[in-house]
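Engineer: So you can see what is in the structure, the chains are spelled out below.
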Amino acid sequence: MSARTHLRLTLLAATLWSSHAAASPLFELAGGTSSGGGLAPRVTGAGAPSTYFNPALLPHAKQGFELGVLVLSDHIGITVDGRGRGDVPDIVGDRELVDQNGSPISNQTVPTRWLVRGCPADECKGGGFGARPRQAAGSSGNTRAYQIIGLVNKIAGERVVLGFYALVPLGTFTTANSFYNDEREQFFSNSLHPELYSDRMTATSVSFGGASKLSRTLSVGLSFTLNLRNSAAAGTYVRDANDYNQLLLSTQVDVDASVSPHLGVNWRPSDVLSLSATVHSKQQLSIDTTFSALLPSGLESKTTRRAVHDFVPWTFGAGGELELSRGANSRLTGVVSASYALWSYYLDRHGESPATYGSYLKWKNTASGAVGARYERGATRLLADLSYVPTPVPPQTGRSNYVDNDRAGVALGVDHSFEFIGLRLRAGVMGQVQTLFKRDQKKVDGQIQDELPDDARTRTGAPVAGRAGLQTNNPGWPGFSSQGTIIGGAFTLGILY
Amino acid sequence: MVVRRFSLGRFFIGGAALAWGLGALGLPSCAEDQALHGASKCGDGVRQPEEECDVLAGALVDPDGNPLKPKDTGCVQCKEAPGWRCRDNVCKEFCGDGKIVGDEECDPPNGDDCNTSCRLSVVKKDPCSLAGHWILRQTDFSVANIGTKGVQTSSNWFYWEVAQKGDEWEVVNSLFCGIVVTGNANVKLSDIGTRGLMHKNRQDQSNPRGGRKGVMRVQGDGCYMKSSRHYFIRGGKDDLLPASFAAEPDLETLGPLPVANDVYDPSKGGMLELADDPDGDGLLGVPFEVTGLINGTRSAVQRDWSAYESDATHAIAQFSAEFVARSDFKNQEKILHLQCGSGGTCPLLEAGSTPSLDRPGRVLFRYLGDKLDSPAVRALVVEFPGGGSDDDDFETCSRIRAALPHDPASK
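Protein chains in written order, with our numbering: chain R, 884 to 1380; chain W, 895 to 1305.
It should be emphasised that the hints constitute simulated quantities derived from the structure, not laboratory data.
Just so you know, these numbers come straight off a predicted model, no measurement behind them.
Ideal Cβ placement from N, Cα and C applies to all residues, glycine included.
Keep in mind that a hint or two might mislead.
[Unchecked claim] Rough simulated footprint, nothing fancy, chain W against chain R, three-plus residues with beta-carbon under 8 Å: (1) 964-976; (2) 991-998; (3) 1015-1021.
Required output: the full structure, derived from the provided sequences and hints.
Structural biologist: See below:
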C-alpha cells in the first residue's frame, strides 16, 4: 500500500469518524495552557496541549506528566435596544383570532405584555404566565475553573510518542443549554446569549493521540478529541393535561463515546525554523431527544429533535517559528500562526443552519491569526502572543440573533524547570485577556417575522387593534449590541522524566 | 508521598481561590446585560409593555366633545385608574370591584337593584313573576373526553318573552343566540351556525313538541322557580327529538344520532339520513370553530336538554330583576366532519366532552321590561324577534351576548 493510499484512507477515516463526534471549543478558546503554546499552540509549545493542537509537535516535547488549573472568566454584555412599537396585543392571548379566511391563527406568539409583566391567574386560564423580561436571563458573567491534566510519554523514543490532554471543569461536568436565536426564544429566556461562549465553555475536553518523528526534520501526528454523544427518549402518559404531577414518565438515555480526529505535520528544515500544518475535523456534541405523549384516548404523538452543542468546524492551520537570535544560554524566536475555519457549515444548538432564514445570514468562513515571541534563558521560558479572531457571524438584520464579536487577545506566560527532592519539575503560569469588540446590530423590519398577520380579526369579524405593521416579540428586535472581555489564567506543575 | 502534596489537592484549592479572586474583581461594567426602554413617553398614546395604559391627552372626549379628565379615561399617569381595567390600551369599567366609575350606575352587583353589568336593574312591578322580556345565559360545565379532564365552560344565550298567569308561566317568543365554550380549547358556534339556529328549537309555544313553561311563585321571603325540560337538536332533523317534551325521556332512550364513517371524508357515507345543514354551508351538522390548544372547525350534530330550578344555593328575591337558577343539563354529540387547522392537532378535534358531575350548571336571568318598547328592551332588541329580518335578530343576539358576556370561570 502506497503512502498516498495510506493518506487517503486516513482522511476517509477522519471524515467518517467526525460525522457524529462531539467537541470541545474550550481547547480553542483557552489556547495552549502550558509549555509555551500560548495563543499559537498549533505551531509552537511542544507539550501535552499539542495533543490537541498539533500532535506532530509531541516528539519535540519533554516527556512528563502535568497537572494544573485553568480559570476563565467571561464578561460579555448584551444590550437590547428599546422598543417603541411592535407590541403583540393582549387580545392574542384569547386564542380566538382568525385570518381573513376564517382560519385560526396559530399559537406562535404571546402578548408582549405577558412577557414584560406576566399574566395573572385571573386573566390567564391555567394559573398564569410568568414574566420573562427581555435580556433578564442572559448567560454571561461566569468564572469557571478547570483541572488541567497532561501527559507526554515517549514509549519508543521519538519514533512513537503518546500524548494526553484534558480540561475537566471543576464543577458541572458538562453543560449544554439550548436556546433559540429568533422570536421562538420568547417562550423561554426571552434573552440573547453569546453564541460561541456561554455553555460552550463548560464542556469536558479530552484529547489523546500519538506522533512519530519520521526523519530528522519531519514528524507527523494523529490525535482524537473524545467526547460524548447522547440520545434520550422520554415517553409520557398524560393522565391530566392540567396537572403534570400526574404525568407518567419513562426515559431511556444512551451515551456513546465518539472521537474526532486531528492531523498534524511538523517540518524543521533547519535548526532555526519550524513549520507546521494542521487539520482539525468538524466536532459537535449531538443530543437526540425523542418525546412521545400518549393520551388515555389512545392518541399518541411523537417527535424527535436533535440538539447540536459545542460545534467546532473543520479548521486548517499553518504557521512557523523562526529563531531570531541565539546566545550562549538564551534563545529568542518569533511565531506566526494562521488558521482557516469553515464556519459556513455551522449548526446552532437546535441543529439549524444560520442560513435558514436567508442566504444573507449564512455564516462566513474565517481566517484568524496570531503572532508572538518566545524567549528562553536557562531553565526559564517566556512567551508573549497577540491574536485576532474575526467573527463568522454576518450582520444580524433579520430574524436570527446570533451574538458574536471580533476578538483580539494577548497572552503572557512563563515557566521554569527546577529540581526538588530529586524530582525534575516544571512550573508555569499563563495569563490572557481577550477583548470582544463592541458590535451594534440593527434589524430591518421587513426581515422580521410578523407574529400577528395584518388580516387578523376576531370571531365577530372585527379587525384586531394594532394588527397593522410589524408585531414581534423577537428579543433582538429592534436591535442589540454586544461587547465583552474574557480573562483567563493557568497554573501548571509538571514532573519531567 | 511528598509529590502527592503538590498535586490534586493544592490545584483544586488554587483554582478555587483564583476563580473567586477574579469574580471578586468585578470585571468591566460594560459587560452587563441590559434592556433599553423605547423612546416614547407616558402620554404619547403609545403603550409601552411596562405601561398599563397610555392615553393620548385629549384623545378621548365626552358626548359633548369635551376632553375627558384622565381619571375618566381609566388611565392616570399610564396606570390603571381605580375601578378600571385596561387591555390593549382600552380601559373599561371593572364591574364588581365596588368602585362606581365611568358609565357604571352601581357597583358591586347585588342581585337586587344592581345587575351584573353594574347597571341599575329595571324595576319589577310584580313579585315572583317571569312575565315580560328576559335575556338568559345558561352556563354548563363539561369534561373533555380526550382524557385530559380539562373543564370546559359553555355559555348558551337566549331571548325570552314570557307570559305568566298565576304561578304558571310559558315562553311566548324566543331566540337562540349562540354558544361559546372555553377551556383547553375555545369553541364557538360559527356565525352562520347561530344564524341557522336562531329560530330552531323554539322554546315558545310555536314549537309543535311543546314550548318551555314552568312555575314561579312566592316561597317564604323569596321565590320558587322551575322550568320544564326543553330539548334541542342542532345539525339534525327534528325526528331526533322526543315526540313530546313533557315525557322528559333520557337522551339515551332516543334514536341514535347520525354518524359519519369518516369524519375527514364524509363522502364515505354513514348513518347520515337524519343529519341536516341548518347553516347552509354544504356540510351536514353545524360548524363549531375551535381555537386555542386545538385549531380547526368541526361540524357536529348535538342533542341536549336543559331544565332550570331555584334551590337553596340559588335563591331568588321576590322583586329581583336579575337572578341565577340551577341548570340541569345533558348532552350528546357526534362529529360529522373535521376541517383541520394548523399545528397537527386534528385528532384532538375528534374528542367531545361529557357534562361534569361535580359542577352544576346555572342560568342567569336578566329582566329587561314588560313591553317591547321598554327602554332596556329597545336597547337590546332591534326588532320584534321573529318578526323582522334575520339580520335584525342576529344583531339582537350579538347585543345579548355582549350584555351577558361569557364567564370562563370553571366553577
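Engineer: Does each hint fit the structure? Answer for all of them.
Structural biologist: Here is what the structure says about each hint:
no., hint, in the structure
1, 964-976, "holds (count 9)"
2, 991-998, "holds (count 3)"
3, 1015-1021, "holds (count 5)"
The structure agrees with every numbered hint stated previously.
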